[in-house]
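Using the hints, position chain G against chain S.
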Amino acid sequence: MSKLILRNIAKSFGDFQAVNDFSLEMKSGEFVSLLGPSGCGKTTTLRMIAGFMPPSAGTIEMDGQVISSAGAVVPPEKRRMSMIFQSYAIWPNMTVGQNVGFGLEVRKLPRADIERRVDRILEVVQMGALKGRYPAELSGGQQQRVALARAIVVEPEVLLLDEPLSNLDANLREEMRFEIRRLHDEFKITTVYVTHDQSEAMVTSDRIVVMNKGRVEQVDPPHVLYGKPRSRFVAGFIGRTNFVERDGATYSLRPQSIGLSVAKPAANAVEAEIVDRAYLGEHWDYQVKPLGDARPLRVSTGPNAIFELSQRVWLEIDPAAMVRVEA
Amino acid sequence: MTVSALPATQTAAPRSRGFDPTWLLWIVIIAVLVFLVVSPFVHLLVTSFRSEKTGDFTFANYIAAYGRERYVQALLNSLQLGACAALLAGLFAVPLAWAVSRTDIPGRGLIRTLVLATFVTPPYTGAVAWILLAGPNAGWLNKIFVALTGAESGPFNIYSFPGLVLVVALYSYPYIFIFTTAALELVSSEMEDAANILGAGTWRTMRRVTLPLALPAILGGLIICFLEAIALFASPAMIAIPARFNVVTTQLFQFFGNPVRVEVAAAYAMPLLVVTIFLVVIQRLMTRRKGFVALTGKGGERRPIALGRGRWVLFGYAMLIAAMSVFLPYLFLLQAAFAKAWGKGFTLENLTIRNFRFVLFEHATAPSAVAHSFLYAAASATIATIIAISVAYIVNRRLIRFADGLGFLCVAPFVIPGVVLAIGFYSAYAPPPLALYGTALIMILAFTTRFLPIGYVNANAAIRSLNPEMEEAVRVLGGSRMTALRRVVMPLLKRSLFGAWLLMFIPATRELSSAIFLYGPKTKVVAVMIFDMSDEGNFEYLAALALILQLLTLPLLWIGQRAIGRDFMLRRTAT
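Residue numbers (this note's numbering), protein chains in the order written: chain S, 86 to 412; chain G, 2 to 576.
Some hints here could point you the wrong way.
[As the list claims (entries may be wrong)] Okay, the calculated bits of chain S under chain G, using three or more residues with CB under 8 Å as the criterion:
no.	region
1	157-170
2	186-195
[Claimed, not checked] Here are the simulated SDA-like pairs of lysine to any residue, each with C-alpha atoms no more than 25 Å apart in a straight line:
no.	chain 1	residue 1	chain 2	residue 2
3	G	Lys495	S	Gln150
4	G	Lys495	S	Gln183
5	S	Lys193	G	Pro492
Source of the hints: derived by calculation from the structure; they are not laboratory data.
We treat Cβ as the ideally placed atom computed from N, Cα and C, and that holds for glycine.
Next up, chain S with everything else stripped away, as it sits in the complex (with noise of 0.2 Å):
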C-alpha cells in the first residue's frame, strides 16, 4: 500500500494559482525531491503535506486515511510527520540534548528512555560529544546535524525537508546530502525533500518530482529525468543542454553527447567554427556554430581537448541522443 497519496492537490492565494493539479503516491521508505526554481510551489506543497496549510482542492492520505482535505486539515502536531526547515528552527533556549529529545518528551516517554534514545541519535550523526551545549555555540553544519536528529529520534511516518542544506557553504552542502543519504538508507523513513538544487535532489532521491509554476513537469528517478526529459524546462533545468529545432520538433542535445574533431569523421558530421571557449579545469566549454546557422551549440569535451578560437572543426552528433521534447 502506499505510504502517501496526494490526489490533485490545489492551493491559490486570492488569485495567485501557487499549486495546481498536484497529484503524487509514494511508497513506504521512499525518498521523493520536490525541484524546482523558486515560486514554483514546491515548499507550499510541503507545508500542505505537513498540515500547515490546507489545500484548496484535492485531498492529501496517508496510510489510507484523508488527513487533508479543502474542508478538514488534521493539524500539524496529530500527523506523526517531523520536518527540517531551512532555518533549522533549533531553540535557542534548550540544549542540543533538549532539543532533540523534545519530541520525546511530548510523547511522554520513560525519562530513561528519552535520554537513551538521544544519545544514540547523536553518536548517529556524529554529535554525541555536544549535548550540553547550546545553539549559539554551534557551528551551522553541527546545528544542520542537530535539526537532523530531532527530526529523526522520533521515528515519523514522513519526514519532511525544506531545503535544509541552504544556508551551508558548499562543502558542508555536499558532505550533508550524503549525510542525509545516508540517514535515510539507516531508518528507511518515507521522506520529501524540498530543494532547487538538481544535485542535491539527483545525489539523495529515488524519484523526483520536477515542478514548475504550481504544476508538475515530469517525476522519474535522476537518471530518466536527466536523460530522457519530457519537457523543454525540464531539460533545461536539470543540467545544461542545447535546443535543436527540426522538422518542427524541439530536440534536447546534451553538451558531452556532441563530439569534436579536426578531421571528419565517417558520418552525421556538420562543419562549424569555434566562437567562444572557457576552460573549467575538469572540461573545456565550447561555444561552437555550425557553417550556415545562426545559432551556436554548446559543447563540453575533456580538459585535453584544445581547440582555438576560429578554427574549423567538425560536430559529430549521435542521432539517439537527440530527445525530442515538448516546446
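Positioned in the frame of chain S, the structure of chain G alone reads:
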C-alpha cells in the same frame, strides 16, 4: 516503525471548520480594546456634541469653547509654543546628533548619557528647576548676575513666553536627537566617500549627502517635538499661568475646574486631536518615503569625521546644553531639597534632611502618592504588555481575520494627547453605571491605554525577530500551539517583553497630563503631588520629592541596560 507514541486513532479525526476556539480569543481581545481605546474616543466625540443639561445633540459646546477671544488666543499660543520649542530643540539636537554619530568629538559616551539624563527628567521637574534658576529677582541666575554686575535686578524671567519655550525645548530635544542619530548611523561612510572621491569636501558632502539623507528623520523629530510641546500640561501650568497667558492644555484644565464642564472641554480638545493626527500621519509618510530608506541596512563601515580643533567647540556646545538641561537644574534642585529655605543659599546652617523626612514619612499624602505611582505604573505596564504581546502574536501569525485592525487599535492612542485621553476616559467612565472617577482603576486603565502603543511597537518587533519555523518545529514534533508558546516563544521573548514593560513602566511612574484630570483624593500620584506643591510654592519639599522619584528610577534604568542593552531608553522612540 517501532514506536509511534502518538496513537494512530488521532490521525483519523481531521479538525473541521465548524467551531473555531480562536473566536473566543477574538471576542475577548476586541472587547478589551474597545473598552480601552474605542469607547473613550467615541465618548469624547459624542460628549462634545451633547448638551450638558438635556443630553440632546447641540453645537453649543463648540460655541462656548471658541466664542471668546481668549480661548482662541490660547489655541494660537499653543501652536506658537509648539513651533518655537521644536525649532529651538532642533538647534540643540541636530548638531549634537551629528557630532555624536559622525565625528570624533570627545566624550561621546558622556554626551549620550547626558541626553539620557535629560530624557528621563520629567518636564515638570525641569520646569521647577528653571523656576529656581530664572525666577524674577529670586532666581539663582538673576542673583549671580546682580552679584557680578552690581545691577539693580537680573535680566532673566522664566515667567514669560520665551522662558516657557526654553524649558519645553530643553526637555524635548532628546526626541530629535534620537531620531537623527538613528538615521545618521545608517548612512555608511562609503556614501560619503563616494561624494569625496567625486571632488566634494567635508562640508559639501555633509550638506549634499549626509544631511539630506537624515532630513526626513530630523523633520520627523521636529514634528514629535511640536506635538509634545502642544500636549504638555505641567510646564505651561507652572510657567504660563503666572505669566498670565494660557495654552490649550491649561485652558482645558480650567474647563475642568469647578464646576466641571466636560462637554466644553471635549469640544475644545478637538483641534489638539486633529492637529496631532494630521502631523503624525505626515511624519509617518515622511519617514517611510521611498528612497530615503536607501540606507542599505548593513550600513557598511563608519569612520568618524576628524574635526580637528572644531571638536572642542562642538564639545563646548554639548556641555552648554547639558549645563542648561542637567547640571544647573539638578544642582539647584539638590540645594533646595537639602535647604531649610532655598533662597538662603549654600550655607551649612541652611543644610537639612528635614524635607526628605517630611515627604517620605510625615506628609499626609506624599508617601502614599509615591506608592500609588509605582503601583499604578506596574499594573498598567503589566496589562499593556499582556495585551500588546497577545495582539502582536495574533497579528504576526495571522491567527484570526482582521487581525491588522487589532494592531491598529493598539497604536492608535499614540495620536491622542494625554489630556485629551483623560477627557475621553472621564466622559466614558466617570458617569454611572461604571462611575470610576476617583478610583485607582480609571487611573490604571488610562495609563494602560496611554502607553499601549510603546508596548505594542516593542512586542511587535520582538515577535518579528522570531522565526515562525521555531514554532512550526514544535507543532510538527507533536506539540500544540500552547506548548510552542510556553516552551519556545515565551522563553525567547522574556527579555524583550521585560524591556517593553520597563519602557512603559518608567514614563507611567511620572505621568501627569492624564492623571491630573482623573485622580481623586485617594488616588493622588507623585506627579500630581509635585504639581500641587509647586502651586503652593513649597519648593524644598517639591525638590526632595522630585529627586526621590528620579532616584527610584535609577535602578530601573540600570536593570534595563543590563537586561536589554545600553541605550535601550533612547532607542525606543526611533521606531
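Practice task
Report the numbers of all earlier hints that the structure fails to satisfy, in ascending order.
Solution key: 3
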